[in-house]
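Chemist: Given the coordinates of chain A, assemble chains B and C onto it according to the supplied hints.
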Amino acid sequence: MTQPSSSHASSAGHHHPKYLAHHFESMAQQNASGKLGMWLFLGQEVLFFSGLFLAYVLARIIYPETFLAAHELLDWKLGALNTIFLLTSSLTMALAVRGAQVNSKPQMFYNILATLLLGGAFMVVKYIEYSHKFHDGLLPGHFFDATKAMHNGQLANIPGAPAIFFAIYFVMTGTHGLHVLIGMGLMLWLLVRIKRGDFNSENHVYLENVGLYWHIVDLIWIFLFPLLYLVR
Amino acid sequence: MNLGFALGHMMAQASDTASWWKPIQASTHATAVDNLFNFIMYLCFFFFVLIVGAMVYFVVKYRRKGNGPERTSPIKGNHRLEIVWSVIPTILLVIIFAWGFKDWLAIAVVPNNAMEVRVTGQKWNWTFTYPKEGIVSSDLVVPAGQPVKLVMTSSDVLHSFYIPDYRVKRDVVPGRYTVLWFEPSEPGVHQIYCTEYCGTSHSQMLSKVKVLDSAKYEEWIANGGEEGGASAVPLADKGQKLYEARGCVACHSNDGSQKVGPTWKGLYAAQRKFADGTSTTADENYLRQSILVPGSQVVAGYANVMPSYQGQLNDKQIESIIEYIKTLK
Amino acid sequence: MESNRNNAPQSAHAATAGGAEPNYINAHKGIWSWMTTVDHKRLGLMYLVGVLSFFAVGGIFALLVRTQLLGPIFKGASGKQEWLFSGDTYNKLFTLHGAVMVFLVIIPSIPASLGNFFLPLMLGAKDVAFPKLNLMSFYVYILGGAFLLFSIATGAIDTGWTFYTPYSTTTSASVISAVTGVFILGFSSILTGVNFIVTIHKMRAPGLTWTRLPLFVWAQYATSLIQVLATPVLAITLMLLAIEKTMGVGIFDPKLGGDPVLFQHFFWFYSHPAVYIMILPAFGVISEIITVNSRKQIFGYKAIAMSSVAIAVIGFLVWGHHMFTSGQSELASAVFSFLTFAVAVPTAIKVFSWVATMYGGSIRLNSAMWYGLAFLFLFTIGGLTGLFLGTLSVDIHLHDTYFVVAHFHYVMMGGTMTAFVGALHHWWPKMTGRMLNEFWGKISCFFVFTGFNLTFFSQFLLGTKGMPRRYATYLPEFQTWHQLSTLGSYLLGLGFFITLCYMIQSLISGAKAPRNPWGARSLEWETDSPPIEHNFHVQPVVKHGPYEFPEIDHSMSTGGGH
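Protein chains in written order, with my numbering: chain A, 1 to 232; chain B, 1 to 329; chain C, 1 to 562.
For the record, the hints were derived by calculation from the structure and aren't laboratory data. All C-beta atoms in this analysis are idealised placements derived from N, C-alpha and C, irrespective of residue type, glycine included. Watch out, some of these pointers could steer you wrong.
[Said to hold, decoys possible] Residues on chain B that point at chain C, a partial pick, calculated with CB under 7 Å:
{"id": "1", "residue": "VAL33"}
{"id": "2", "residue": "LEU36"}
{"id": "3", "residue": "CYS44"}
{"id": "4", "residue": "PHE58"}
{"id": "5", "residue": "ASP103"}
{"id": "6", "residue": "SER201"}
[To be verified] Here are a few chain C residues that face chain B, going by a calculated C-beta distance under 10 Å:
{"id": "7", "residue": "VAL261"}
{"id": "8", "residue": "SER294"}
{"id": "9", "residue": "ALA342"}
{"id": "10", "residue": "TRP354"}
{"id": "11", "residue": "GLY360"}
{"id": "12", "residue": "SER362"}
{"id": "13", "residue": "ARG364"}
{"id": "14", "residue": "LEU387"}
{"id": "15", "residue": "ALA472"}
So here's chain A without its partners, still in its complex pose (with noise of 0.2 Å):
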């Protein structure tokens, strides 16, 4: 009566795998929970941003014209560039996935290494991006100077609302970066364990769930991208 443990008695005699935690019976429960867990934090993700495209909506319903006007200031080659980035970085993700599922390490690490590079030409754009739009003073709320908004070397003239188009460009941009900052943290701590060997076919769920995050990084940049550089 004093193990405290009551694992012993009912999976008594069964092989304990080494990655499965004391609460769960068996590998496969553990990891299907762990996919739930990542879907249902996933599903809150994409209601925290409907929040942000509701407000994009909104107030491009009030101000069409300042958005058409207020769009040319963006740079869509540099927009460009970066979906450009994450599309192949969900690849190599997807790639990375898959070593795992063949019990290959190289492909595992280096397919890791390439997304996260990928994701951090993704942030060097924007940040190249972001301080040209400081430089010009096209910046949210009483930020904004329209003295120093330069569009192709001329004085450019938003009608309406610039500096509200400007607080939901780098509120929406700015969230979305933040993303993108965790899922290398992430990254990098996966990188340390697949060299620890952590990963393989049958223990892979950390690995599958921030690619799940990764890819939804990506699907949001997919939606951003034509909203506030292809404005028509």
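Modeler: What follows is chains B and C alone, placed relative to chain A:
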């Protein structure tokens, strides 16, 4: 305060006005709203007695008497009963919804012959403007038996315009106009409240509707918004009325006590030190400037929170207030 | 499990062999073992302490608010009758009362404390699916609470718990730390919700099918769904509010071209479902208390389980009924009113089913059952008075008056808090291994019930008469009812104080609790009181429903139906 006294008080009120828990019915909306209110209330009484009565009956009847186990019924449900108690409430709820919707349309749709009054809410008073007559008033004065349409906006935060005796209420929103209408049945005075929380003196943001018969109303209009024989009243007395009615009292005391803004006691001819280091003597021009452009000279130690009364008080009213301040020594 | 038909053998077992087994409280020692624990039972207990502490704080704010509303009863320096607090102080008091009670007490009350403790036990699991995440959400809760307390210390907020714009973007800067606190608390709520849904899906004991789940679990499931789906919208709303306030963005401020009513839509899209986050767990508690003490199957198990889920779903579509007077379109108001009535139906079904469950039972009137009956009484009033407010024309009159205040206190306090305190009485022996004093339990229930009705029924009358809410002062005609209401609130406070006293007494010198003092059939009663660290000695296998009590006489007529 004890229960007996409270009940006695309640009964006493009940006997003379029959309104100890309901406001009087003073508009055409009031009767309709009350009828539906009463219908829902009787329905609620019925269901409350049914539910709590059954509960009490079961508790008494099936209470465990001894300590040993008693046999209990194996009932797990009853489809017929469950359908009955789903369908009957559904039907009743649809009736309530439809009835409420019908009455509400009458409240929402303004009749064509309604006279229009502009309402401005600001912290913490109401201003009523009669656009055709050019009258600005702190009370809403309207003729009996005439539909009145209020076009309302706010100059700062959200407010809500509420007259319980008329059963009408509408939020007053900055940056847009909202509309409310009513038809007062007979002459009388009714309370106006602000019901959307708006800060420090939210509970003092009160005003009155004064319903006059049409002859008295015409007289009021002809007098430029003053009730009978305006010239007879000394300016300072009029100023005191404005002080109370227009919300000055919410922030400025007249007895030297500390409020949001500086007291008016001994204000006239005193030296004023401002937040920017300058100072001046509080003469008529200074007082006028402070009422119309309060942010231009903020007294040291106070926040710049007072709204402008430009367009809300006419010259005569400002003069009255200044005269009143002069009397507070 | 099948052999555990009566309690005597278990108690004997607990007294002899089980006495040596360490339970979850004494298995590890020291403050550090508590701070780093991933045991759902310890976390549940820690949440309980947090929730009860904040309940005391919010309660003191409430009593101060009620004391102010006695009227101008104090002689001031000038010799005039004066109010206790200035308008600004009063506004802070009612805001803090609301914010603390909603975000720190009622939302986490049943789910985070009792849910954490009992959900895995009821499922026959060793823990929740993600124990470390559970620990993290506890610290997130504490961090959020700390931000709220910080905002109190730095001048407090006076916006009302609803943070309506543009008032909130123009008033004191403490609003930023307060909304940050609420934002953080939201994540605690989301993470707990994710954890519970996965636990219910994946961690059920063998034989524990969906239709054998205790109704408390069903209610937690519906609650968690709302927590996961609605809370992120509040998070983004508060984030926009904070950005608006710091940078002058103008999404909600009409002076900068924004729309103040938009904030209300965002806010209520979360906060109406949040009402169901608060009340659904209480429904689950009441289903347990009434069946166990009536010794009968619940009446209409499937209807009750499904109505929880139905309420959760329809609850997402009714937010606009907070805005009938706000200036939203007439069509929108009509649709929201109709959907609001649609929510009333599943709620009515639940109440009828609980009453019907008592029919033909053998009702044990312990203090938990007293609270259960008090819940039925108070929640019936709370629910029925909702009909007045859902009706378009009548709501125009009653909106933002004391009628609304009374209505939601009957639901939130008369409903949720009564059920929460009842649940504490029901599960206290399991959590602490001690019995509560039944006599004092009933005395406190009497005070709570009487005080509550005196406090809040008066407010229905005030509201009908036209008394607006959030008023620091009022006209003399309202004073009688206000004073009665204040008197009631003191009785209510006394009732809860008595509860606190005998709970402390129980911890010190209460009688030792047997495994299953109420003869319940759900799994949490199969283990020791208090439970061992890993919950069960042997993995339980379930062979029957949660309410198949030995007293049920299957030879009796069922009176038609099944």
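Chemist: Hint by hint, note whether the structure agrees.
Modeler: So, going through the hints one by one against the coordinates:
| no. | hint | result |
| --- | --- | --- |
| 1 | VAL33 | holds (5 Å) |
| 2 | LEU36 | holds (6 Å) |
| 3 | CYS44 | holds (4 Å) |
| 4 | PHE58 | holds (4 Å) |
| 5 | ASP103 | holds (4 Å) |
| 6 | SER201 | holds (5 Å) |
| 7 | VAL261 | holds (7 Å) |
| 8 | SER294 | holds (7 Å) |
| 9 | ALA342 | holds (8 Å) |
| 10 | TRP354 | holds (8 Å) |
| 11 | GLY360 | holds (3 Å) |
| 12 | SER362 | holds (4 Å) |
| 13 | ARG364 | holds (5 Å) |
| 14 | LEU387 | holds (5 Å) |
| 15 | ALA472 | holds (5 Å) |
Consistency note: the structure conflicts with none of the earlier hints.
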